[in-house]
Amino acid sequence: MSKSNGQRDPLYMTVLIYAVLIIVTVVTVYPIIRVIGISLRPGDMLHTTSLRLIPENATLDSYRQLFTEQPFLRWLMNSTLVSFTVTVLGVSLASTAGYAFSRYRFIGREFGMIALITTQMFPVTMLLLPLFLMLLHLKIYDTFLGLVIAYSATALPFCIWQMKGYYDTIPVSLEEAARIDGCTQWQTFYLVVLPLAAPALVITALFSFMAAWSEYLVAAVLINDNSLYTLPIGLKQFQSAFDTQWGLYSAGAVVVSIPVMILFLLLSRWLVSGLTLGSVKG
Amino acid sequence: MTLAEIRDNFERNRIAYFYILPAFLIMGFVVLYPFFYNIVISLSNMNLTHFRDWKFVGLRQYMAVLSEPKFYEVFLKTVLWTVINVFFHVTIGVALALLLNRPLRGRAIFRTLLILPWAVPQYITALTWRGMFNYRYGAINLWLAKFKPVLDPIIDGLNRFLQPVLGLTLAHPPYEWLSTPTGAFAAALITNIWLGFPFMMVVALGGLQSIPKELYEAARVDGASRWMQLRKITLPLLKPVMIPAISLGVIWTFNNFNVIWLVSDGGKPADKTHILVSYVYREVFNYYRYGYAAALSMIIFLILLVFGINFIKRTRATEAVY
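Sequence lines, in order, name chains A and B. FYI, the numbering used here numbers position 112 of the first sequence as 130, with every residue one higher than the one before it. FYI, the numbering used here numbers position 168 of the second sequence as 176, with every residue one higher than the one before it.
Fair warning: there could be bad hints in the mix.
Below, simulated DMTMM-like cross-link-like pairs (lysine to aspartate or glutamate); rule was C-alpha separation at most 25 Å, straight line [unchecked claim]:
| no. | chain 1 | residue 1 | chain 2 | residue 2 |
| --- | --- | --- | --- | --- |
| 1 | B | K156 | B | E184 |
| 2 | B | K247 | B | D273 |
| 3 | B | K78 | B | E225 |
| 4 | A | K254 | A | E128 |
| 5 | B | K276 | B | E76 |
| 6 | A | K254 | A | D160 |
| 7 | A | K157 | B | D61 |
| 8 | B | K85 | B | D279 |
| 9 | B | K276 | B | E81 |
| 10 | A | K254 | B | D61 |
| 11 | B | K78 | B | D273 |
| 12 | B | K321 | A | E128 |
| 13 | B | K85 | B | E184 |
| 14 | B | K154 | A | E74 |
| 15 | B | K280 | B | D164 |
| 16 | B | K63 | B | E81 |
| 17 | A | K157 | A | E87 |
| 18 | B | K280 | B | E76 |
| 19 | B | K85 | B | E222 |
| 20 | B | K321 | A | D186 |
| 21 | B | K63 | B | E76 |
| 22 | B | K276 | A | D261 |
| 23 | B | K240 | A | E74 |
| 24 | A | K254 | A | D27 |
| 25 | B | K154 | B | E184 |
| 26 | A | K254 | A | D62 |
| 27 | B | K247 | B | E222 |
| 28 | B | K240 | B | E225 |
| 29 | B | K247 | A | D79 |
| 30 | A | K254 | B | D164 |
| 31 | B | K154 | B | D164 |
| 32 | B | K280 | A | D186 |
| 33 | B | K154 | A | D199 |
| 34 | A | K254 | B | D273 |
| 35 | A | K254 | A | D243 |
| 36 | B | K240 | B | E222 |
| 37 | B | K276 | B | D164 |
| 38 | B | K280 | B | D61 |
| 39 | B | K221 | A | D27 |
Bear in mind the hints are in silico, worked out from the structure with no lab data behind them. All values reported here derive from a predicted model rather than from experimental measurement.
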C-alpha cells in the first residue's frame with residue numbers, strides 16, 4: 019500500500035507533486051476556512067471586503083445570538099431526532115434485507131436487486147408531488163413521521179446494496195458451523211454474521227444519518243410548521259431574506275457541519291473499503 | 009420452473025421474505041406507490057384550478073412538454089451540466105488518486121483534507137458558495153481583484169486568439185456571477201465540481217490499491233517506461249472500478265437539485281438557471297401545473313432509464329467477474 023510500484027521519484031518530480039497537492043488542498047479547504055472566519059466577525063464587520071482568514075476583533079457573538087435569540091436549538095433538536103430515527107430504521111432494515119439478498123436464492127431476488135438500482139434513477143422531484151398529495155390524504159403531512167419514512171426510503175437502496183456486498187465477503191462456512199451447533203436461522207444471522215459485519219453497519223449508519231441530517235428539498239416540501247423546522251430549512255431562512263444574515267448563517271453552518279465532518283473523517287478508512295466492496299463490486 | 013419447484017424454493021427461502029419485507033414495505037410506500045400515482049397524474053389535467061375535479065386527458069401533457077422549446081433548452085443545459093461536472097470529477101479525482109498512491113510524506117493528511125468537501129452537507133456547500141460568489145463581498149471576486157494585474161493581460165492575450173476564431177470575448181473580472189445566466193450557471197458548476205471530486209478520488213484510490221504490484225515489477229523488467237505502465241496497466245485496470253462509479257455519478261449529477269437551486273436561489277436570474285429537476289420543481293411548487301410536471305418527470309425518468317439499463321448491465325458484468 020505504501021508504494022505504488024516501488025520506483026522512487028526524482029527530486030524535481032517530488033517537488034512538483036507536492037506543489038500540485040498543496041495548491042489543490044488549499045483551494046479545497048479555503049471555503050471551509052472562509053465560513054469559519056465569517057462566523058467570527060463582529061456585527062459591524064459583516065459587510066466587508068477583507069480577505070483576512072481570522073477577522074479583526076474576532077468574536078463568538080454570532081454563536082451566542084444563534085443559540086439565544088434564534089430558534090436554532092429547536093432546529094438542532096428536530097434534526098437530531100429525525101436523523102437518529104432514520105439511522106435506527108436504516109441500519110435495521112438494510113442489515114436484514116441485505117442479508118437476504120446475499121445468502122438466499124429466493125424467487126424475485128434478481129428483480130428486487132434491479133428494482134433497488136432503478137429507484138436511484140427516479141428524480142426526487144418526481145416522487146415529491148405524489149408523496150406530498152399522499153401525505154396530505156393520510157394526514158401525516160407536516161409531521162416528522164412523514165419525513166422519517168421518506169428519508170429512510172431514499173437511503174435504503176444504497177444501504178442494502180452496500181450491506182449485501184459486505185455479507186458476500188463473509189464465508190458461508192461460519193454459518194454452516196453455527197447451524198450444526200444448533201443455532202436457528204435467525205440466531206445465526208444475529209449472533210454470528212451481524213457482529214462480523216460491523217464495519218458495513220457503521221457505514222450504513224453514517225449514510226442514513228447523513229441522508230437525513232443534510233437533506234433540504236424533501237423537508238422544504240413536507241414541513242410547513244415553524245416549530246418542526248429542521249436545520250436545513252432553518253439555515254436557509256437566514257439567506258432567503260432580502261438582507262442575508264451572514265454571521266448567523268456562517269455560525270449555524272459551522273455548528274451543523276463540524277460534527278458530521280469529524281464523524282466522516284473518523285470513518286473514512288471504512289468508507290473506502292465499504293464503497294469499493296459494496297457499490298462497486300456489486 | 010415447475011409449480012412444485014416454485015413451492016419448494018418458497019418453503020426453503022421463506023425467511024428471506026421476512027428479511028426483505030420491512031424495507032420493501034417502506035420503499036413501496038414512498039417510492040413505488042408515488043411512482044404509479046405520478047403516472048396517473050401525468051395523464052390528467054390536474055393543476056391548481058382542477059385539483060379535485062381532474063380528468064384524464066391521455067398523452068396531452070406529454071405533447072405539451074415535448075412541443076415547448078424551453079424543454080429542449082433545459083434538457084441541453086442538463087446534459088451540459090452533467091457532462092462538464094462528471095468530466096471534472098473523474099479527471100480531478102483520478103489525478104489526485106494517482107498522486108496520493110505514491111510513497112509521499114504526509115499522504116494521510118492530504119487525503120483527509122481532500123475528502124472534506126464530501127463530508128460537508130450539500131445544502132451548506134451550496135449556500136456558502138453562493139455567498140462567495142457575491143459581486144461585492146464574495147471571496148471569489150475579491151481574490152480575482154487581487155490578481156487582476158496578472159489576469160488581465162492573460163485574458164487580453166486569450167481574446168486575441170478567441171475572438172477571430174470563435175467570436176468569443178472573455179470579460180475582465182470582477183464578474184457578475186449571480187445576476188447573469190452564464191455567471192450563475194458557471195457558479196453552480198464550480199460549486200458542484202468542488203463537492204463531487206472526492207467521491208471519485210476515494211473510489212479510484214480503492215481501485216489503485218487492488219492492482220497487484222507484481223504487474224509493475226514485471227513491466228519494469230520488460231523495460232516499460234512509467235508512461236507505458238500508466239497507460240497499459242494502471243488505467244485499464246482502473247476502468248472496471250470507475251465505470252460503475254461514473255454511471256452512478258452521471259445519475260446523481262443529472263438529478264442534483266440542491267446545488268443548482270440553492271446557488272441560483274431558485275433559478276435566478278429570470279428562471280434562466282435550471283436543469284430538468286429544478287425546472288420540474290418550479291412547475292409543481294411555484295406554478296402548480298401538476299399534470300404537466302408529472303409528465304415532465306416521467307420523461308426525465310425515461311431518459312435516465314435508457315442510460316441506466318446500460319449501467320445495470322455493467323454492474324452485473326462486474327458482479328459476474330468477482
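Now the hints, each set against the structure:
no., hint, in the structure
1, K156/B <-> E184/B, "holds (15 Å)"
2, K247/B <-> D273/B, "violated (37 Å)"
3, K78/B <-> E225/B, "violated (56 Å)"
4, K254/A <-> E128/A, "violated (42 Å)"
5, K276/B <-> E76/B, "holds (20 Å)"
6, K254/A <-> D160/A, "holds (18 Å)"
7, K157/A <-> D61/B, "holds (20 Å)"
8, K85/B <-> D279/B, "holds (13 Å)"
9, K276/B <-> E81/B, "holds (16 Å)"
10, K254/A <-> D61/B, "violated (35 Å)"
11, K78/B <-> D273/B, "holds (20 Å)"
12, K321/B <-> E128/A, "holds (13 Å)"
13, K85/B <-> E184/B, "holds (20 Å)"
14, K154/B <-> E74/A, "holds (20 Å)"
15, K280/B <-> D164/B, "violated (29 Å)"
16, K63/B <-> E81/B, "violated (30 Å)"
17, K157/A <-> E87/A, "violated (33 Å)"
18, K280/B <-> E76/B, "holds (15 Å)"
19, K85/B <-> E222/B, "violated (46 Å)"
20, K321/B <-> D186/A, "holds (20 Å)"
21, K63/B <-> E76/B, "holds (22 Å)"
22, K276/B <-> D261/A, "holds (17 Å)"
23, K240/B <-> E74/A, "violated (55 Å)"
24, K254/A <-> D27/A, "violated (48 Å)"
25, K154/B <-> E184/B, "holds (17 Å)"
26, K254/A <-> D62/A, "holds (22 Å)"
27, K247/B <-> E222/B, "holds (19 Å)"
28, K240/B <-> E225/B, "holds (13 Å)"
29, K247/B <-> D79/A, "violated (51 Å)"
30, K254/A <-> D164/B, "violated (39 Å)"
31, K154/B <-> D164/B, "holds (17 Å)"
32, K280/B <-> D186/A, "violated (47 Å)"
33, K154/B <-> D199/A, "violated (73 Å)"
34, K254/A <-> D273/B, "holds (10 Å)"
35, K254/A <-> D243/A, "holds (15 Å)"
36, K240/B <-> E222/B, "holds (14 Å)"
37, K276/B <-> D164/B, "violated (30 Å)"
38, K280/B <-> D61/B, "violated (33 Å)"
39, K221/B <-> D27/A, "holds (17 Å)"
In summary, the numbered hints that this structure violates are 2, 3, 4, 10, 15, 16, 17, 19, 23, 24, 29, 30, 32, 33, 37 and 38.
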